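Asks: As you go down the protein sequences, you meet chains C, A and Z in turn. 0 is the number of the first residue of the first sequence in numbering that gives the first Met the number 0; add one for each residue after it. 0 is the number of the first residue of the second sequence in numbering that gives the first Met the number 0; add one for each residue after it. 0 is the number of the first residue of the third sequence in numbering that gives the first Met the number 0; add one for each residue after it.
The hints are simulated quantities; they were obtained by calculation from the structure and are not laboratory data. Computed from a predicted model, the values in this text were never measured in an experiment. Among the hints, erroneous ones may be present.
Once the Cα atoms are required to be at most 20 Å apart in a straight line, the calculated SDA-like pairs of lysine to any residue come out as [unchecked claim]:
| no. | chain 1 | residue 1 | chain 2 | residue 2 |
| --- | --- | --- | --- | --- |
| 1 | Z | K221 | C | G74 |
| 2 | C | K125 | C | D84 |
| 3 | C | K277 | Z | T37 |
| 4 | C | K319 | C | D109 |
| 5 | C | K319 | C | G74 |
| 6 | Z | K265 | A | G52 |
| 7 | C | K142 | C | D362 |
| 8 | C | K319 | C | K147 |
| 9 | C | K147 | C | D178 |
| 10 | Z | K265 | A | L99 |
| 11 | Z | K7 | A | A10 |
| 12 | Z | K265 | A | T106 |
| 13 | C | K176 | A | G140 |
| 14 | A | K41 | A | F26 |
| 15 | C | K164 | A | P146 |
| 16 | Z | K221 | Z | M112 |
| 17 | Z | K96 | A | A10 |
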Amino acid sequence: MKITYAVASAALMSVAFVSSVQAADTLKVWMRYGENEKAVLDAITQEFSKETGVTIDLFLANTDFETRLARAAAGDSLPDMIINDATSMGQLLDMGIVKEIDRASLKGGDQLYDVAWQSVEAVDGKYYGVPTSAQAFAVFIRKDWREKLGYPVPKTWEDLFNLSKAFTEDDPDGDGKADTYGYVMPLSATRGYATWFLADLIWQAGGKFLEQKGAAYVSSLDTPETAKAISFARDLVCKGFAQPSAITATTGDTTPVFSSGQAGIYRTGPYHLAPLSKEPGRAVIEVVPPPAGPAGQAELAEGEAAFIMASTRHEDLAKKFIEFLVSEKGQEMGMGVGTGSSPIVRLSINKNVDVTKIQPDADWGTFAKLYATSARYFPRVPNWKPIRQMTSDGFNKILSDCSSDIRAGLGEIDAAVNEELANQGVLAR
Amino acid sequence: MSIDPRRWRWAAPWLFLAPALVFFTWFKFVPIVKGLIMSFYKVKFSGQSQWVGFANYERALSDAALHAAAWNTLIYVISTTIAGALLAFAVALVLEGQALHVRIVRTAIFFPAVTSVAILAEVWRILFYPAAGGVVNSLLGLFGVGPQGFMSDPNQALFVVILLQIWKNIPYNMVIFIAGLAGINRELYDAADVDGASPLRKLWHVTVPGLAPAFSVVIMLSLIRGFRVFTEIYTTTGGGPAGATETIMTNIFKTGFDRLDYGYAAAVSFLLFAFTVILTIAHVVVKNRLART
Amino acid sequence: MRPTFLQKLARGAVYLLLVIVFCGPFWGIVATAFDKNTVQPGQLVFWPSVPTLDHFIYGWVKVKAWLYLFNSLVVVIIGTFLQTLVSALAAYALARKRFRGAAVVTLVILSTMMLPDEVISIPLYLILHAKLPIIGVSIYNSYAAMILPIVGWAFSVFILTEFMRAVPRDLEDAARVDGAGELQIFWRVILPLVKPALGSTTIFGFLMIWDQYLLPLIAVDKRELYTIPVVLRSLRVDEILQQNIFIAVTVIATVPCIIVYLLLQKQFNRGLIAGAVKG
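Throw the hints in and build the complete structure from the sequences for me.
Replies: Structure representation (structure tokens):
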């Protein structure tokens with residue numbers, strides 16, 4: 000016992016009271032990534048240090064990222080820059096902690112896709128971040144199951160529905176037990192997952208979240224189109240063709256459902272190609288464009304962006320690091336080919352980097368093509384996050400009750416969203 | 000130079016208290032006061048916060064989402080308290096005594112009480128997984144019951160998280176009841192035997208009154224625990240589905256840390272704090288009344 | 000009256016049921032952690048079909064469970080020690096001394112027991128960040144930031160006060176006649192007599208500190224200092240990690256609590272009862 004105390008107090012002494020003195024050329028960076036991306040990021044920061052002599056103090060947090068930021072803002076201890084979802088820009092602006100970026104003066108900035116820049120353009124027409132990665136979503140299917148049951152690759156909602164039904168009812172894994180499901184859906188309201196997932200269906204049905212009127216918006220969910228999309232999803236849930244925990248699932252819960260062979264259809268991003276190739280295995284999965292709805296094909300596009308914190312004293316260093324990240328070299332390194340780690344650059348936002356030439360798996364091309372043709376970003380409002388949360392709460396409520404009135408539910412969401420739009424000062428009269 | 004020890008005697012207690020007071024002041028009281036002050040502001044995380052007077056408190060009175068959460072909390076508290084007390088009482092009757100095998104069983108059933116809530120929540124999510132192959136659903140299947148939605152079903156979710164709290168509380172409460180049982184005067188039982196009382200009558204007329212203090216403690220503890228329930232919910236359902244398991248604390252947490260509306264979250268917290276204190280005082284008053292009569 | 004065979008059988012069945020209900024799930028996660036085959040979400044195995052240590056090894060080495068376990072142990076051992084010491088000192092004053100303000104001090108300390116920690120997390124963060132008076136350094140991002148805030152714990156002050164009050168006066172008086180000072184009386188007379196109570200507060204403190212989630216979350220923004228509960232949460236959202244590995248890490252995180260409980264079981268029950276009966 001005594002020895003334990005001695006060891007412990009020695010450890011305390013050595014670590015506890017060393018306040019982290021920051022050298023002049025150290026850049027403090029926080030990113031919303033986890034341990035799976037660490038190897039790639041370490042490689043990037045080391046390369047950057049070698050080139051510039053700037054050390055990077057990196058902190059990764061894949062949970063409670065915004066909470067940590069808010070506290071750091073309150074405690075005046077923000078890092079110099081962060082990398083986070085591009086959609087978080089509104090909230091960062093709202094908190095007043097993010098610095099404007101001069102798009103023209105960013106070296107290599109003119110080599111980035113315009114559509115990527117748009118994801119960090121605020122309603123005032125200024126840019127408050129730099130896109131570092133983009134992605135679109137596609138549908139992963141258990142090819143072996145589909146072929147065994149003799150179904151074609153789903154091209155329409157109807158195909159998708161039938162395939163989900165078959166995966167649930169026709170024992171695709173052949174173990175004689177009714178233990179498989181069709182479509183894996185994350186429909187929890189937590190962090191807005193329901194909206195993040197349902198956006199594809201809503202757009203495929205021809206619905207939209209907001210109607211733009213000049214510089215203002217009005218919520219426009221209560222339409223027959225959106226109702227059709229929600230009803231399609233609810234049918235899958237209520238008939239049992241989605242995984243049973245769909246209604247409380249986040250993506251942390253859904254991926255294991257697909258990878259462990261509990262269900263056979265999963266809509267997700269290209270970052271899952273590598274892990275899903277290991278389990279359930281490359282040979283048994285295929286990646287296809289999202290089946291088209293009544294109004295055609297559409298899917299969500301989103302991305303990550305770097306933001307410089309307003310409180311930084313190292314704006315120039317931060318800019319240098321961002322320039323490195325978006326350069327051809329940085330983007331290529333970010334894809335992490337051969338590192339065994341998950342990529343931080345999914346689809347490059349740099350025009351000169353062709354993901355299909357870098358990523359060995361040809362299905363990266365599927366995602367790149369979708370991004371270039373039919374993918375859409377969430378609407379640009381001052382702060383999308385509260386709206387994402389509200390719509391999620393509302394969708395989750397409708398989907399939880401198999402007999403509720405969908406249009407009435409959508410009407411309620413519209414009312415709440417309009418109130419929020421008014422708060423943000425962009426409600427169309 | 001000699002110090003007259005008697006002159007400094009008054010200082011002795013304060014010297015012993017000093018370390019505790021330093022820690023409590025710096026890490027508890029100062030934050031509490033700061034939090035209380037923040038509840039009167041619209042907190043901005045950078046720049047000047049804005050004084051709003053009692054607006055945050057007024058908002059709490061008309062916040063429908065908060066009221067729904069308060070209602071769920073009430074259901075949660077009442078059912079965990081009653082079921083937790085009664086079941087623990089029953090278990091205590093079975094496991095009373097000093098025999099080795101009883102002590103072993105008592106030790107064994109204590110595991111949920113000493114395990115982190117975060118881990119218990121994971122265990123619960125696995126056990127109550129809504130697929131037909133989930134652990135509890137498989138067991139129900141043996142009795143011909145079809146697969147249930149559990150935490151994915153808005154009508155069952157609250158019940159399942161209540162069950163988690165009961166599961167964790169039974170061992171705790173049981174120990175208190177067993178101590179209470181050991182304290183009951185044996186002569187009362189003997190007297191009842193002489194009167195030819197049935198076991199049930201003995202239970203009702205001797206055991207239950209003898210355990211009144213134990214019941215009082217068990218109820219008070221679960222009331223306090225219940226009203227501030229957070230981790231149990233946040234890590235299992237996150238308040239869903241459709242808000243079916245939203246409680247006051249999860250509501251506060253989301254307001255404060257997801258929506259970053261910290262001033263309002265602080266105001267609601269202090270309302271909850273005040274309510275718990277009042278409840279505690281009421282409990283003490285009632286207890287003293289009962290003790291006097 | 001000796002119980003009949005049937006009664007014995009019924010009793011045995013009830014015991015078995017209790018053990019299954021309260022321990023069964025733990026058995027399930029342990030068995031699953033040792034099973035080579037990947038489980039699907041929501042499934043546990045009763046017995047590992049192909050037993051393996053792989054998940055534990057992966058969890059220990061690759062997920063670095065050892066590091067987080069070490070952090071948790073540093074925090075919990077130093078924290079429990081300081082907490083018990085500080086509480087015992089305070090309890091000595093509150094239980095054995097009559098002085099002006101004693102009632103107020105007790106009341107104020109007790110009131111902190113009712114306050115949910117979440118409420119004060121942001122102000123607490125600001126305080127952890129601020130430079131400490133006198134020393135002039137900030138403890139943010141250090142073990143100290145996870146330890147010092149839990150040193151003051153009303154529950155343990157309260158339990159120790161109750162126990163110290165029960166120590167007879169004459170023992171203290173006798174020591175005083177022999178010329179013992181306050182510290183000696185505290186250390187040589189009172190503390191040894193409340194040893195069982197110290198055991199109780201130690202185990203309660205241990206479990207309370209081990210379970211801390213919010214404090215480590217706000218106290219450190221540095222993965223090398225994460226404790227087990229914080230890491231578990233981050234692993235929970237890790238979509239790539241295999242279920243069995245996550246479960247194995249969960250088992251690793253549970254073991255210390257169970258060991259401490261088994262070692263100090265008697266004191267634990269005594270403390271629970273003392274806290275209860277006197278509350």
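Asks: Hint by hint, say whether it matches the structure.
Replies: Right, here's what the structure says about each hint:
1. Z:K221 with C:G74: Between K221 of chain Z and G74 of chain C the Cα gap is close to 16 Å, so the pair holds against 20 Å.
2. C:K125 with C:D84: holds, 18 Å
3. C:K277 with Z:T37: OK: K277 of chain C and T37 of chain Z at ~13 Å, within 20 Å.
4. C:K319 with C:D109: holds, 15 Å
5. C:K319 with C:G74: violated, 26 Å
6. Z:K265 with A:G52: violated, 52 Å
7. C:K142 with C:D362: holds, 14 Å
8. C:K319 with C:K147: Violated - the C-alpha atoms of K147 of chain C and K319 of chain C are around 53 Å apart, more than 20 Å.
9. C:K147 with C:D178: Measuring from Cα to Cα gives roughly 17 Å; hence the hint holds.
10. Z:K265 with A:L99: holds, 14 Å
11. Z:K7 with A:A10: violated, 62 Å
12. Z:K265 with A:T106: Answer holds: K265 of chain Z to T106 of chain A is near 10 Å, not above 20 Å.
13. C:K176 with A:G140: holds, 13 Å
14. A:K41 with A:F26: Status violated; Cα separation ~24 Å.
15. C:K164 with A:P146: holds, 18 Å
16. Z:K221 with Z:M112: Not satisfied, since the Cα-Cα distance of roughly 29 Å exceeds 20 Å.
17. Z:K96 with A:A10: holds, 11 Å
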